[in-house]
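Number of protein chains: 10
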Amino acid sequence: MLYHVSMTVNIPTDMDTATVEEIKAREKVYSLDLQRQGIWRHIWRVAGQYENVSIFDCRDHLHLHEVLMGLPLYPYMNISIMPLCRHPSSMHEDDK
Amino acid sequence: MLYHVSMTVNIPTDMDTATVEEIKAREKVYSLDLQRQGIWRHIWRVAGQYENVSIFDCRDHLHLHEVLMGLPLYPYMNISIMPLCRHPSSMHEDDK
Amino acid sequence: MLYHVSMTVNIPTDMDTATVEEIKAREKVYSLDLQRQGIWRHIWRVAGQYENVSIFDCRDHLHLHEVLMGLPLYPYMNISIMPLCRHPSSMHEDDK
Amino acid sequence: MLYHVSMTVNIPTDMDTATVEEIKAREKVYSLDLQRQGIWRHIWRVAGQYENVSIFDCRDHLHLHEVLMGLPLYPYMNISIMPLCRHPSSMHEDDK
Amino acid sequence: MLYHVSMTVNIPTDMDTATVEEIKAREKVYSLDLQRQGIWRHIWRVAGQYENVSIFDCRDHLHLHEVLMGLPLYPYMNISIMPLCRHPSSMHEDDK
Amino acid sequence: MLYHVSMTVNIPTDMDTATVEEIKAREKVYSLDLQRQGIWRHIWRVAGQYENVSIFDCRDHLHLHEVLMGLPLYPYMNISIMPLCRHPSSMHEDDK
Amino acid sequence: MLYHVSMTVNIPTDMDTATVEEIKAREKVYSLDLQRQGIWRHIWRVAGQYENVSIFDCRDHLHLHEVLMGLPLYPYMNISIMPLCRHPSSMHEDDK
Amino acid sequence: MLYHVSMTVNIPTDMDTATVEEIKAREKVYSLDLQRQGIWRHIWRVAGQYENVSIFDCRDHLHLHEVLMGLPLYPYMNISIMPLCRHPSSMHEDDK
Amino acid sequence: MLYHVSMTVNIPTDMDTATVEEIKAREKVYSLDLQRQGIWRHIWRVAGQYENVSIFDCRDHLHLHEVLMGLPLYPYMNISIMPLCRHPSSMHEDDK
Amino acid sequence: MLYHVSMTVNIPTDMDTATVEEIKAREKVYSLDLQRQGIWRHIWRVAGQYENVSIFDCRDHLHLHEVLMGLPLYPYMNISIMPLCRHPSSMHEDDK
Chain A
1 MLYHVSMTVN
11 IPTDMDTATV
21 EEIKAREKVY
31 SLDLQRQGIW
41 RHIWRVAGQY
51 ENVSIFDCRD
61 HLHLHEVLMG
71 LPLYPYMNIS
81 IMPLCRHPSS
91 MHEDDK
Chain B
1 MLYHVSMTVN
11 IPTDMDTATV
21 EEIKAREKVY
31 SLDLQRQGIW
41 RHIWRVAGQY
51 ENVSIFDCRD
61 HLHLHEVLMG
71 LPLYPYMNIS
81 IMPLCRHPSS
91 MHEDDK
Chain C
1 MLYHVSMTVN
11 IPTDMDTATV
21 EEIKAREKVY
31 SLDLQRQGIW
41 RHIWRVAGQY
51 ENVSIFDCRD
61 HLHLHEVLMG
71 LPLYPYMNIS
81 IMPLCRHPSS
91 MHEDDK
Chain D
1 MLYHVSMTVN
11 IPTDMDTATV
21 EEIKAREKVY
31 SLDLQRQGIW
41 RHIWRVAGQY
51 ENVSIFDCRD
61 HLHLHEVLMG
71 LPLYPYMNIS
81 IMPLCRHPSS
91 MHEDDK
Chain E
1 MLYHVSMTVN
11 IPTDMDTATV
21 EEIKAREKVY
31 SLDLQRQGIW
41 RHIWRVAGQY
51 ENVSIFDCRD
61 HLHLHEVLMG
71 LPLYPYMNIS
81 IMPLCRHPSS
91 MHEDDK
Chain F
1 MLYHVSMTVN
11 IPTDMDTATV
21 EEIKAREKVY
31 SLDLQRQGIW
41 RHIWRVAGQY
51 ENVSIFDCRD
61 HLHLHEVLMG
71 LPLYPYMNIS
81 IMPLCRHPSS
91 MHEDDK
Chain G
1 MLYHVSMTVN
11 IPTDMDTATV
21 EEIKAREKVY
31 SLDLQRQGIW
41 RHIWRVAGQY
51 ENVSIFDCRD
61 HLHLHEVLMG
71 LPLYPYMNIS
81 IMPLCRHPSS
91 MHEDDK
Chain H
1 MLYHVSMTVN
11 IPTDMDTATV
21 EEIKAREKVY
31 SLDLQRQGIW
41 RHIWRVAGQY
51 ENVSIFDCRD
61 HLHLHEVLMG
71 LPLYPYMNIS
81 IMPLCRHPSS
91 MHEDDK
Chain I
1 MLYHVSMTVN
11 IPTDMDTATV
21 EEIKAREKVY
31 SLDLQRQGIW
41 RHIWRVAGQY
51 ENVSIFDCRD
61 HLHLHEVLMG
71 LPLYPYMNIS
81 IMPLCRHPSS
91 MHEDDK
Chain J
1 MLYHVSMTVN
11 IPTDMDTATV
21 EEIKAREKVY
31 SLDLQRQGIW
41 RHIWRVAGQY
51 ENVSIFDCRD
61 HLHLHEVLMG
71 LPLYPYMNIS
81 IMPLCRHPSS
91 MHEDDK
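Chains as they are written, first to last, in full-length UniProt numbering: chain A, 1 to 96; chain B, 1 to 96; chain C, 1 to 96; chain D, 1 to 96; chain E, 1 to 96; chain F, 1 to 96; chain G, 1 to 96; chain H, 1 to 96; chain I, 1 to 96; chain J, 1 to 96.
Pulled out of the complex, with its shape left as it was, chain A reads as follows (with noise of 0.2 Å):
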């Protein structure tokens, strides 16, 4: 099941540079991994922001908060959901 997750990026300014690199890191480890098992569909950086919008396809709900809640940068996010349907009109049968 597919869900819109849009996340934004609070780094506190007064975070020492070496910690905030290494976060980063591990996140991006993390998200790549996730694309290669293809739970993570996509994700897109919006322009001029510290944030990004993904779509993920997880088994169920729980799947979904688990994967979240594994996120290095969680603790400094905040994130927003939408569950997604196929829509009737998209040509892709897989786009659900």
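Derived from the structure by calculation, the hints contain no laboratory data.
It should be emphasised that the depicted structure is a prediction, and the values quoted were computed from it without experimental measurement.
Ideal Cβ positions, reconstructed from N, Cα and C, are used throughout, including at glycine.
There may be inaccurate statements among the hints.
[Stated by the list, open to error] In silico DMTMM-like pairs for lysine to aspartate or glutamate, Cα to Cα no more than 20 Å straight-line:
1) F/Lys24 with F/Glu66
2) D/Lys28 with C/Asp95
3) I/Lys28 with J/Asp94
4) G/Lys28 with G/Glu51
5) C/Lys24 with E/Glu66
6) G/Lys24 with E/Asp14
[As the list claims (entries may be wrong)] Stretch by stretch, here's where chain C covers chain D in the computed footprint (C-beta under 8 Å, at least three residues):
7) 31-37
8) 60-66
9) 78-87
Assemble chains B, C, D, E, F, G, H, I and J onto chain A, guided by the hints.
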């Protein structure tokens, strides 16, 4: 270039059914044509709402503007737009 | 899977009473049928408002979408949806 | 009487882990005790958020107030409350 | 139990004056009757607005719901409700 | 003249307990004194919140201002104010 | 006592011009009369809007209420009100 | 030209009293000087709030900008601005 | 002096097409005339919306007010205004 | 392509003055360089605020993103972005 577009549809409850159906039919034809051209990359329905989330791939802002103004349902829509970039953590080269 | 759905009803004040009563009667039949199937788990009225809070148990997002679109009062409703998980502190196994 | 309560938790990101874990452990014990008494009827986690939606069955407003003020996580929560009635379309007599 | 209720009235500007006056007259009778019973404890007008702030003393949420639904002006009102407790600093025992 | 005042208290979570208790004790003394003088007519606690709703009877706006500025908890409060009139449907002459 | 009042006017676009002009003419007469009495101390137009900002000097809240309810344009206005005090830094004694 | 300016002051609760008093004293001197020059036409305190509403008469936008940036309390203020015109119903020629 | 003006147009969906076209034609003539005089410095369309962002150069607030009130589409617009200054980092002397 | 960008700056009040001045100086150099290249077309200061409104002319969304991320003040800014088109009523061909 990619644009994240969300469209909420508010058809007046007193519009006659035949007119509504005719507009929706033209909307579907219009959407499928743009999907086949690769301009309307994705369209998902927001569960439980008369609303979709879409990704458009347009040459420039004017192209996007004309595509949206051509929507048969445009006069009944609220639209919000965010310009998107390829995310540096994306494993896709062309999910720009 | 569980969904938290709140529904606010805005029937136009100039709609004739017989039509309103007929729609409400169909709404009640529709709701009771879904409750008996275990799909509409809970429905509570928000005190003092023409609004309810409900818990739906659906197979997936599309199932929820179809159930809500079938509501006789749907054209007069504002709906907001949150996907729910079983809480780790819940003493119920199936209050998932 | 039933109350719909949603609780959003905002623990400061710089609080030490041991303290956080200790508070959460006390919160769980407190919640389970109230569930067993039938006062905290339902608790669901909102997917992807550090937030829950709950239904309380209290004797009166003061009872609700004391139950909520006793939450170990209360100082870190935003809480919103709606009084609920049994819905006339509910098939349950006691889902009041 | 006490409830804080604020009511904002929006009568359509094209409703004929006789109907408006008739509804308002019934509203006043209804209100006075509830005041005499001790159910509608206080009603104040918000200066400069077609709005009141009221304190109701009801047996339970359902009682409040029925009292509000019976308001002749209810279809033209926006209502917001907060459950109140006696304040520990109050010098009144029964201003519960 | 009557004023509807709602006060929300936000005490920093890292303030030491003794200081908090001392301020609250002074707040209670201050409140009771004004209640006895008939200036602070009503104070109710909003259930589940660190918030009260109050009715003040002051000589004029400046009197209200000075009374509120004198609150020991004022630096930690958000306050909103509405001037009230006696409602023409009120059965009380002095619930002005 | 002084009150800061902002008034936004929303005349329906389909009201006939003669009626609009007649109401506006009465509004102007009404306003000038109150200005001459010293009750409507200031009236300014917000540039580019059909909106004004005004300062009223009234005996009490009820006086303000009656003055505003008498505005010929009142049924088409949104009004917001703030009670004002003389500022301790003001060099005017009577700009109370 | 006239500008409507509202200023809300948020001084951190942990700033030492002597510094606060020194800034406020400079603020008062600064304000009185501008009032004497006819630039700061009116200043009123919003009852119960640490907030004022003011009317400035400046040569142009830049003049207003420099006057506001010079406020000793500026770093702790939220400011909102509306350009004002003389109202055609005003009886004052110079309350422009 | 410069003003940043954003205009959102909401033409009723049931207005007849000929009237709409006639108003838009007058709007364009009006706009071009003001642009040639250097009063309407810039006008841009917000992509995907029936909305523009404009920069006006007016003698004073009243001049701006009269220019905006003269817009043939004014009755169908929501307008918001911000006074602008030349930015100290601007390389243009006259982009005041 | 044009983008409307508004930037609000929130520098912590406890940051030392030398650091603030150094960042602002780099911001000015950075801005002037982009203005000379024709990328940062316009920058205006919003009167009375620590905020600017700007027009950027970028090759694409990614170009805009990199330009904004390079702002020395970026970590202290809230930014909002709207893609712009040439307006059909504009008399300028290149005010695209």
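Against the structure, the hints come out as follows:
no. : hint                 : result
1   : F/Lys24 with F/Glu66 : 19 Å, holds
2   : D/Lys28 with C/Asp95 : 16 Å, holds
3   : I/Lys28 with J/Asp94 : 18 Å, holds
4   : G/Lys28 with G/Glu51 : 14 Å, holds
5   : C/Lys24 with E/Glu66 : 18 Å, holds
6   : G/Lys24 with E/Asp14 : 18 Å, holds
7   : 31-37                : holds (count 4)
8   : 60-66                : violated (count 0)
9   : 78-87                : holds (count 6)
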